[in-house]
Amino acid sequence: MRRIGVFVCWCGTNIGATVDLETVMEKARQMPGVVFAGDNKYMCSEIGQTLIRDTIVQERLDRVVVASCSPRMHELTFRKTAAAAGLNPYLVEIANIREHCSWVHKDKAEATQKAISLVRTAVAKAARNKPLQADQFAVTHRALVIGAGIAGIQAALDIGETGFEVDLVERTPSIGGRMAQLDKTFPTLDCSACILTPKMVDVAVHPKINLYTYSEIEAVEGYVGNFEVTLRQKARSIDKEKCTGCGICYEKCPSKVDGEFEEGMSKRKAIYVPFPQAVPNVPVIDRENCRWFTKEKCGVCKKVCPADAVDFEQSDQLIKQKYGAIVVATGFDLVDLDEFGEFGYGKHPDIITSMEFERLVNASGPTGGKLLRPSNQEPPRNVVFIHCVGSRDKSRGKPYCSKICCMYTAKHAILLKEKYPKSQAYVFYIDVRTAGKEFEEFHRRAVEEYGAAYLRGIVGKVFPSGDKLLVNGVDTLSNQTVELEADLVVLATAITPRRDAAALGRMLGIGTDGHNYFVEAHPKLRPVESHTAGIFLAGTCQGPRDIPETVAQAGGAAAKAIALLSKETLLSDPCVSNVNESLCTGCLACLPVCPYKAISEKTITEKVHGQERRRLVAEINNALCQGCGACSTACRPGAMNLLGFTNEQLLAEVDAICL
Amino acid sequence: MKAMLQKIRKEAASVLASGEADLVLGWGKGPLWWQSYPAFIEEEKETGSLTWDPFCVPNLSKYLLEELWVKQKVALFLKGCDALGFNQLLQDKRVDREKVLIFGIPCSGLIDPQKVERAGLHQGLHSVEHQGGELVFSYKDDQKKEDPSSFYYDKCLTCRHPNPVVFDMMLGDAVAVNPQERFAAVGELEKQDVSERYRYWERQFSRCIRCFACRNVCPACSCRECIFDLTDPRWLGKANVLSENQFYHITRAFHMAGRCVDCGECARVCPVDIPLTSLNRKLIKDLNELYGEYDAGVEPEKEPPLITFNPGDPAAFLES
Ligand SMILES: Cc1cc2nc3c(=O)[nH]c(=O)nc-3n(C[C@H](O)[C@H](O)[C@H](O)COP(=O)(O)OP(=O)(O)OC[C@H]3O[C@@H](n4cnc5c(N)ncnc54)[C@H](O)[C@@H]3O)c2cc1C
Ligand code: SF4
Ligand code: SF4
Ligand code: SF4
Ligand code: SF4
Ligand code: SF4
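Heads up: the sequence lines are chains A and B, in that order.
Per this note's numbering, the first sequence starts with residue 1, numbered consecutively.
Per this note's numbering, the second sequence starts with residue 1, numbered consecutively.
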C-alpha cells in the first residue's frame, strides 16, 4: 500500500474562503493510500514547505499531493521541497483547487465537493506515479538572434558583451529594422537614426557578433542547449571583401523600382543600399529587377565597379550551426488597408500611412525632410490624422490597441507645427492612451503648445475634392458631423506581426496567438520566454510596443539566454514519451504529428515461435521530446505513453473524477 | 462468372507451379449455397477447389498479417472493396507490397443471402450465379432467373470502386461504376436534433454484443494488440452496459477517422445489424468538409488528413 500525504493550502483566503478545507482533509484521509492530510495558510511559504519536508520523513511518505494553485505556479517549488526530503520529485502531484475551483465558484458547498473530487483525482494519479530521472546534456555556448531591428540589435549586443558568440540573422540587406525608418522618437524627440546608428556600428565591429544580413532561417532542429539551425545566406551578388562602398554601381544602374525603405515613395535601383547608414554598407543586387538576371544584358555595375566586387555568379549559401539559445526578434508589419475603403488609401497620393509620414519628414527621406504633399509637392496646411485605423476594430481589423499610435501621432502633430507654424493638425481619436513615462506630458504639449485640435470621433469617409481632400466624420462629444478640408490625411495604421511569423513559429516550434504574435510562456511571470525551452522573445514580434519597452524586453531576453549559455550542462525533463514496442505496429502515425521531430523509425528483431522477425517500430529521441503528448493521442493501440502522464495515470484520474 | 473462375484457378495453379508464390489466398465453397469461405492453397493440385460465385465476400488481405511472416510470397485475389482495404494495410505499413502478388477482380456486386431468404428463394437452393445480366438460382431440377439488383449487398449498391485500385494483374474487363449516393443515410440522421440522434445511437449500441466481429474484419484495424483487449490499463470494462458499448464504438470510430475505406465489411458482419456504415460515413463526410476530399484506400502514399499538418487547416478554437 502507498503512503500518500495530502497537503492542503488555504492560499490566504483565495482558497480558504470558498472551499471548506477541513472537510477536504477529512475526506482525503479516507482516500486509498492516504496516511496523512494537513494544511497551511500558505503551503509555498517556508513554514508550509517545512511541514511537507518533515512529514515526508516522519510519516515515511512515498507520494505527495499538494492541493493548491495551478501546477504552472508551484509544481517546481513542491518538487524541490520533496527532493530536499529525499523523495523523487516526480512523485509529487498537484491538485489545482484554486484556478480550477475556488476562483471560479461561489457556492461553498459545491466548491468543496469539487475540491474533494480534484484531490481524489490527484491521489489516484499520484498512486501510479513512478520515480523519473532527468538526464544531463551539454550546452552549446552560442546564441542565435533572428531579426536585427532594435530588439535583435540590443539582444545581440547584450549577449555578445558577456563573451558568448552570437549570430545575428537579418532578412533584409541591412540591420536596423523599423526604427531606422523613423524620424524623431517620442517622447523626447531625439533623432531615431542618431541613437540607432551607433548601435548598428557597435554590432558591425563587435568581435563576438557575427552578422548574417540578407539571410533567413531555413530549418530548425534540436532542442534547448543544442539547436541545429540551417541559415540561407542569399546571394548578394557583391563580394563583401572587395566592395569599398563607393556607390558608383547604384549611381549608374539603369533599372529603377519602388524602394521598400521609403515605403514606395521614391525609387531605388536594382543594385542598391537600402539607406545611407546601412550596415553593412555593401550593395545588393535585387535579381528580380536586375537586367542582367532578367534579360541577360546590361552588366553596367560590373563594368563601373573600381574594386571588381560585382559577382553575378554568387549563389545562396546554406550554413549549419549549433546554438544553445535563440532570441526571436522579427518585429512588425502594418496591416493591409484594402479592407478600409472609406479612408481612400491608395486612391489619392495625399492619403498616407504614419510610416510614410515618418519618411516624408525625415532628412534622408524622399523629399529630403521637406514635408510636401505627394500630389503636388506643395507644403500642406491642414493635416488630418486618424487614430486606430485597423486597431480596436473587431470586425475588419485587429481587436487590440497598437499602443504606439496615440504617441507617434502626437509626435507627428508636433513635427508638423515645427515645420510649418501656420499649419493646423486635426486628430480624430477614440481615446488617447498615454500610459508611459513622460507620455501624458508629451501629448498635452502637442495640444497646448502646438495647438493640435483633437476631435473625439470616427471618420466615415475621406474623398478628393478639387486638389484637396474632404474628411467626413462625427464628433462624438458634441454629436455633430464634421467636414474638414485637408491637404494631407495620415492614417495611424495598426501594426501586426510579420506576415510570415506563424511559419517561422512552426519552424521553431513556438506558438503564435490568433493574430500571429508569438506567445510568451506566461503573460505575467515569463514574458520573454516562449513555450519552448531555450527560445526567447524580444520586441514587437510578441506584441505591440514602443522602443523603450522593446529595448527593455530585448535585455530581458538576452539575460535569459545568457543564464542558459552560462551553464555547462542542462537537465532534461524526464516527462517524455515512451514506446511500448510490443504494442507498436510501426504504422508511424505518430511521426508526422510530433512538432519537435522527436520520433524516428527503427527496426527491431524479436523471436516468435523460434523464428526471428524483424519489424518497424517508433523510437523517441528523449532529448528532442518536449512531452507535448501529440503522439500518444495519435497512437491507436496506446503504444505511445507519456511518462508522468501515462495512459494508466490518466485513466485512473478519469475513474476517480467520475466516481 | 465461369470464365472468371477458370482464370482464378489457372493463375493460382501457375504461380504455385512456377514457385512465384508459395501460398494462394482465394475462396472455397462450403456445404451450403451461401457459404464461400477463405481458402488457403499451397499446392497446385488443390487449386481446383477454388471458387468464384456471388458469395465470395470476405476480404482476404488481413490474412497477410500473419502469412507474410512465414511465406516468401503470397498471391491473392482482391475485389474492388478488398483492394481499398489492402491499401489501408499498406499505408499502415502492415504489409510488404513486394511480398504480395495481387490478382484484381472487377466486381459487379455480390449477393446478400439474407435478401435471397427474404424473397423466399432459398428453399432447396443449390447455387446462385450471374449469367449475362441475370441472376440464376439453381435448384435440384429447376432454375429461376431474377433481376440481380434487388439482391445485392447494401454496401455494393454504394460501391464507388468496384474495379480494384491496386493489382499486379487484372483478371477481367472493368465494370461500370454507378454508385448510389453514399451519404444519404447520414444526411437523414443529421436532420434530427441532437437528443433524437443520441437516442437513435443509444438504441443501436444497446444491441451490441461486443463480439468484436466489426473490428476483426476491418482492414483498418490491424493493431498487434487492440486497446480494447488490453488489461493494463483496461480501457474497456467487461460489464455488459450501454456506456461501455458506446465507449467502444466512439473510440473505434475515431480510430477509423480518415482511415476507414468504406468497404462496409463491419456493418456486413455485425450479427445484430448495427448501422456502422452511418457512423463511419459521418466521420468521412465531416473530414471531407473540414480538410478537403480524401478517399482512404485509393492512394496510400497520400498523407491522411488527421496526421498531416497544413497551415491552412481550420482552427476554429484559435480564432477568438
Ligand atoms: C509610424 C511609427 C512611428 C513610431 N514612432 C516611435 C517613436 O517615436 N518612439 C518609439 O519608442 N517607438 C516608435 N514606434 C515603434 C517602434 O518602431 C517599434 O517599437 C520598434 O521599431 C520595434 O522594433 P523591433 O526590433 O521589435 O521590430 P523591427 O524594427 O520590425 O525589426 C525586426 C527586424 O527583423 C527582421 N526580420 C523579420 N522577419 C525576419 C525573419 N524571418 N528572419 C530574419 N529577419 C527577420 C526585419 O527585417 C527587421 O529588420 C513607431 C512605430 C511606427 C509604426
Ligand atoms: S507508437 Fe503508435 S502511432 Fe507510433 S508507430 Fe507505433 S503504433 Fe504507430
Ligand atoms: S510527446 Fe510525442 S509528439 Fe510530443 S514531443 Fe514527445 S515525441 Fe513528440
Ligand atoms: S470501419 Fe468498416 S467500412 Fe471502414 S474500413 Fe473498417 S470494416 Fe471497412
Ligand atoms: S479499434 Fe483501434 S486499437 Fe483496436 S484494432 Fe482498431 S485501430 Fe487498433
Ligand atoms: S459486430 Fe456488431 S455486435 Fe459485434 S462488436 Fe461490432 S457492432 Fe457489436
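Hints are not guaranteed to be accurate.
[To be verified] Mimicking BS3-like on lysine-lysine, the simulated pairs with C-alpha atoms at most 27 Å apart in a straight line are: (1) B:K140 / B:K115; (2) A:K602 / B:K71; (3) A:K437 / A:K524; (4) B:K302 / A:K597; (5) B:K302 / A:K602; (6) B:K302 / A:K607; (7) B:K73 / A:K602; (8) A:K184 / A:K524; (9) A:K240 / A:K184; (10) A:K240 / A:K130; (11) B:K99 / A:K602; (12) A:K242 / A:K184; (13) A:K468 / A:K417; (14) B:K93 / A:K597.
[Stated by the list, open to error] Coverage of chain A stretches by chain B, computed from C-beta distances (three or more under 8 Å per stretch; other residues unrestricted): (15) 202-211; (16) 606-618.
Since the hints were derived computationally from the structure, they do not count as laboratory data.
For each residue, glycine too, the CB sits at the ideal point set by N, CA and C.
Can you confirm whether the C-alpha distance between K468 (chain A) and K417 (chain A) stays at or below 27 Å? holds, 20 Å
Would the hint linking K73 (chain B) and K602 (chain A) be met if the CA-CA limit is 27 Å? holds, 24 Å
For the region 202-211 of chain A, do at least 3 residues have a Cβ located nearer than 8 Å to some Cβ of chain B? violated (count 0)
Tell me if the straight-line CA distance from K302 (chain B) to K607 (chain A) falls inside 27 Å. Roughly 33 Å between the alpha carbons, so the hint for K302 (chain B) and K607 (chain A) is violated.
Satisfaction of hint between K130 (chain A) and K240 (chain A), Cα-Cα up to 27 Å: violated, 58 Å
Does K184 (chain A) pair with K524 (chain A) here, judged by a C-alpha cut-off of 27 Å? violated, 31 Å
For the pair we were handed, K93 (chain B) and K597 (chain A), check the Cα-Cα distance against 27 Å. OK: K93 (chain B) and K597 (chain A) at ~20 Å, within 27 Å.
Has the given pair, K240 (chain A) with K184 (chain A), been kept, meaning a C-alpha gap of at most 27 Å? Violated, at about 32 Å.
Just to be careful, I want the Cα atoms of K302 (chain B) and K602 (chain A) compared with a cutoff of 27 Å; is the pair within it? holds, 22 Å
K242 (chain A) and K184 (chain A) were given as a pair; does the straight-line alpha-carbon distance stay at or below 27 Å? Given that 27 Å is the threshold and the Cα spacing comes to 35 Å, the pair is violated.
Holds or violated: K99 (chain B) and K602 (chain A), Cα atoms, limit 27 Å. Status holds; Cα separation ~20 Å.
Taking only the CA atoms, is the gap from K302 (chain B) to K597 (chain A) under or equal to 27 Å? The hint holds at about 20 Å.
Of the numbered hints stated above, those contradicted by the structure are hints 6, 8, 9, 10, 12 and 15, listed in ascending order.
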